[in-house]
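Using the sequences provided together with the hints, build the complete structure.
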Amino acid sequence: MTPAWWDKLTGLSGRRQGTSADLAARFHFFQAVLDGNNRTLELMTEMGEKLGGDYLFDVNYTRSAYAALFAAISDSLRNFNQLTDDRYPELAKTLNRIDGLVQRMLTNTEPASGRLVLFYPEITWDLADEVGGKNYHLAELANALHLPVPESFAITTTAFTLFFRHNGLEERLAELPRADEGALAGLRGAILAGEFPEEFTAALAAAVATLRSRLGSTATLAVRSSAEEEDGDFSFAGQFETVLNIPCTVAAVQAAYKEVVASLFQTNAISYQRQLGYDLGRLKMAVGCVAMVAAQASGVIFTAAGGRDRSRLAISAAWGLGKAVVDGLTDADLYTVAKGDELRLVARRIGAKAQMVVNTGASGIETKETPPAQQQVACLSEKEVLALAQQATAIEEHFKCPQDIEWAKDAAGRLFFLQTRPLRMEEPEEATASALPPETPTGHAVLLRGQGVVVQRGIAAGSVFLLRHLDELERIPKGSILVAGHDSPLFVQAIPFLHAIITDVGVPTSHMASICREFNLPTVVNAGSATATLRHGQEVTLHANEGSDWVLYEGIVHGLLRQEKQTAAKMRALYEFRRQKYIMRHIAPLHLINPLDQEFTPEKCQTIHDLIRFMHEKAVQALVASAERQGRGRLFGGQTGPRKLALPIPVELLVIDLGDGLRKAAGKKEVEPAQVESVPLAAVLAGMLTPGVWQQEAMALRGADLFSGMMRAADLTAGNEATLAHNVALVSRDYLNMGLRFGYHFNMLDCYCSETPRNNHIYFRFVGGAAAITNRSRRIALMAMVLAEYGFALKAKGDLLVGRISGLSRPEIERILTQIGRLIGFTRQLDARLEADETVRLLARRFLAGDYRVAL
Amino acid sequence: MAKHNIMVIDDEKIVGDMAKLSFEQDGYEVETFLNGESALERLKEKRFDVVVTDLKMKGVDGLEVLRTVKKLHPGTVVIMITAFANLDVAIEALRDDVHDFFPKPVKIKELKTSIKKALGDL
Chain A
1 MTPAWWDKLT
11 GLSGRRQGTS
21 ADLAARFHFF
31 QAVLDGNNRT
41 LELMTEMGEK
51 LGGDYLFDVN
61 YTRSAYAALF
71 AAISDSLRNF
81 NQLTDDRYPE
91 LAKTLNRIDG
101 LVQRMLTNTE
111 PASGRLVLFY
121 PEITWDLADE
131 VGGKNYHLAE
141 LANALHLPVP
151 ESFAITTTAF
161 TLFFRHNGLE
171 ERLAELPRAD
181 EGALAGLRGA
191 ILAGEFPEEF
201 TAALAAAVAT
211 LRSRLGSTAT
221 LAVRSSAEEE
231 DGDFSFAGQF
241 ETVLNIPCTV
251 AAVQAAYKEV
261 VASLFQTNAI
271 SYQRQLGYDL
281 GRLKMAVGCV
291 AMVAAQASGV
301 IFTAAGGRDR
311 SRLAISAAWG
321 LGKAVVDGLT
331 DADLYTVAKG
341 DELRLVARRI
351 GAKAQMVVNT
361 GASGIETKET
371 PPAQQQVACL
381 SEKEVLALAQ
391 QATAIEEHFK
401 CPQDIEWAKD
411 AAGRLFFLQT
421 RPLRMEEPEE
431 ATASALPPET
441 PTGHAVLLRG
451 QGVVVQRGIA
461 AGSVFLLRHL
471 DELERIPKGS
481 ILVAGHDSPL
491 FVQAIPFLHA
501 IITDVGVPTS
511 HMASICREFN
521 LPTVVNAGSA
531 TATLRHGQEV
541 TLHANEGSDW
551 VLYEGIVHGL
561 LRQEKQTAAK
571 MRALYEFRRQ
581 KYIMRHIAPL
591 HLINPLDQEF
601 TPEKCQTIHD
611 LIRFMHEKAV
621 QALVASAERQ
631 GRGRLFGGQT
641 GPRKLALPIP
651 VELLVIDLGD
661 GLRKAAGKKE
671 VEPAQVESVP
681 LAAVLAGMLT
691 PGVWQQEAMA
701 LRGADLFSGM
711 MRAADLTAGN
721 EATLAHNVAL
731 VSRDYLNMGL
741 RFGYHFNMLD
751 CYCSETPRNN
761 HIYFRFVGGA
771 AAITNRSRRI
781 ALMAMVLAEY
791 GFALKAKGDL
801 LVGRISGLSR
811 PEIERILTQI
821 GRLIGFTRQL
831 DARLEADETV
841 RLLARRFLAG
851 DYRVAL
Chain B
1001 MAKHNIMVID
1011 DEKIVGDMAK
1021 LSFEQDGYEV
1031 ETFLNGESAL
1041 ERLKEKRFDV
1051 VVTDLKMKGV
1061 DGLEVLRTVK
1071 KLHPGTVVIM
1081 ITAFANLDVA
1091 IEALRDDVHD
1101 FFPKPVKIKE
1111 LKTSIKKALG
1121 DL
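Chains as they are written, first to last, in the numbering used here: chain A, 1 to 856; chain B, 1001 to 1122.
No wet-lab data here; the hints were simulated from the structure.
Each hint can be trusted.
Straight-line Cα separation of at most 27 Å, DSS-like style, residue types lysine-lysine; simulated pairs: (1) B:K1107 <-> B:K1070; (2) B:K1117 <-> A:K50; (3) A:K50 <-> B:K1058; (4) B:K1112 <-> A:K797.
Some, not all, of what chain A presents toward chain B, calculated at C-beta under 10 Å: (5) K50; (6) L51; (7) G53; (8) D54; (9) Y55; (10) L56; (11) F57; (12) D58; (13) V59; (14) N60; (15) L574; (16) Y575; (17) E576; (18) F577; (19) R579.
The beta-carbon is built from N, C-alpha and C at its ideal position, and this holds for glycine as well.
Structure (structure tokens):
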């Protein structure tokens, strides 16, 4: 938000130079901004479409498409700066940062901040790659959500590169694709024996000293991996080392650092990367140094239970450190919370918690028996469960996707967050993995059934491999079903050889569970007696549905088996594709939604789309301010002071007349719809005011809609600031530019409607919404169906729709604008209703037939 | 009926990877190559029903692939894709009996339709 004194100052200077020539010039820049924004958005949707998986494209395409997009947004920004007298210099810096990130992806070059160590409060969005996914996400919890996170600092990938260069290890990275076991062991040995460059040690010493001064000299740290892309599309769950409870000294941190970095080259981690199609040797590792919480209890939260059910979240908990839960060492407590409007604890299962992991006195950790008296005691009270659930919901909302969160509670009962990452959701087609058949297939005895938890559903057959020791992982033959006492993330190296995994003990929130979901590997944990019941080499068929709904048959049940799974191959194939698609992360997502929000600032722009949104809003404001400064001065024969349009529907709209858009006798403050002489605005209003299109029936109206409605009403009475964040229509007799925001969605209409068809055009854009993305996409589909009827050229992607049409005669343009007016009213709150694709077609047909009922 | 097999040649891995993934979904067998040289080697050993090749590649380019295919396996269908939609090259390629010619980015569905047509499945 800009300070009030700034407004006053610019207001004064504006009055001094407040001529109609000034407004004319500003209008010219305004249109140029809109034009640049429109071009950028079109290129953006086109890129999104081409990179979306339906096209074969190469890097040349990505480069040239991005170059065109960058040119368009730069144009827009140049005109915007003229329009606003360079009021937002930060935008150019943001654009440069975004450009830097995209160029880095296009050219495969390294991050460039040059910082070796960063404390969490210093970590901003553009440093995400340099500090790795794990550090970045955790820092976000503290910085953006103000949630309790232990004191922490990150050692960047720049430090990693420096360390490798200093020790002459860069060439070994290049040889990694051909490295065998021996070479990997050699590389790990060289890392552990590595020396630290002086500047690295100095940066670390300063950070360690700062931490000691804040936490005292007895503080200890967890030193954790935070590789590039870790906790991104793929979790790398449990693939790298974490060193717990080490003293806060340079020597101890350095030793732990080397251990963590060396784990990048462990057999399992290399195998994981290979299966996902990574170019070996390219992944760099940042490291996080996080103050240890003296955890009384810890655990994991899945904000969508089982990776499927978004209406519930699941919290697991065990005594001591979280390692017991994520490594699947113990049977944990499991709490299920229904999300809805009010959080409700709906299920509570107290686990046996036979073992716990604790800090030993000075440094290091140990696993021990949980004292019997504690085993049956719930780790969390209902109040604590709900407190965690509430914060977890906020985290999910912030990252806009289900999360897998690690938490801890200290002896004083304070809750801390230690990690959050995207939770891999089950694909819809997997969900069809049929329910269990009611009858046992003939000739196949049931070996195991019902005890334990399905982690990944599916059907698989093979020979049992009874694992007694981790060394045996290398000997597992292809097509085995791995049966083990408890789970381990190290199983990943065997995944190419496995058809399924069954463990006696384990929890569905462990690292291994995450990985099995990533690879669609049918898995059941906590099955109790699998190792005792099954024989090594025995042929079996697993049918895992969900929850405890699973069964293991003796022999191969051919009738159940479907086509061979190709998931690993699919992921390999998609790696390069994903990498190209990542570019869109810096372009398409929209973070700035509500212009009345504190967060609606140049600093919060992270993507090209944010820049467009910000510039549009501020461009309208600048133009309105310019018009206001002129008061009732005349421009092109019009009266330029903004006036409120008195409408019988809940829409606040200010009209700025650029020339002959309003009747001469119109009021100075307020105008009636009948006094609108602008042909395009009159046509749109006729549509918006058509009886029936403005849904008055009780609909699930959101708090946000109500709130923003009130805010806008309040603005109008607030004097000079009134024009901030308004819906504004700029009109002349033939021209209309109008932005209409309802809650979280935004309509933009730009049209020219004259007697010369070749000059005429309609440009319509719609973006956003508050409902789930599927519902928002359906609203877009509905609008597209309607607009297509009139011959619009349309581009749609997610919740963004851009349509244009030109060269039509004036009556035709008017007719279409009236339909668009109806469409704006009709679709205002429709997303909440669009629960099925069929509804879209039904309502589109009705709308076109002049029937505006939305009740089904 | 045996599966139809398709050879895909493009010096960018992403093109072959994605083509392989989507063609395999339709039941084709797919082999991918990152340059013309290795593809020509393979063509000496094996006949493919369809060859989808990039036009501009270092060394052996798409036109050379086309000529070799027509010499070794006259029945094989060749489809050319290229980032440089150059009309002259297109005309030359058509004269040399290329089945279809697509500028990149090419919609996978269109490519599949062209392949099906060539194989008489449509």
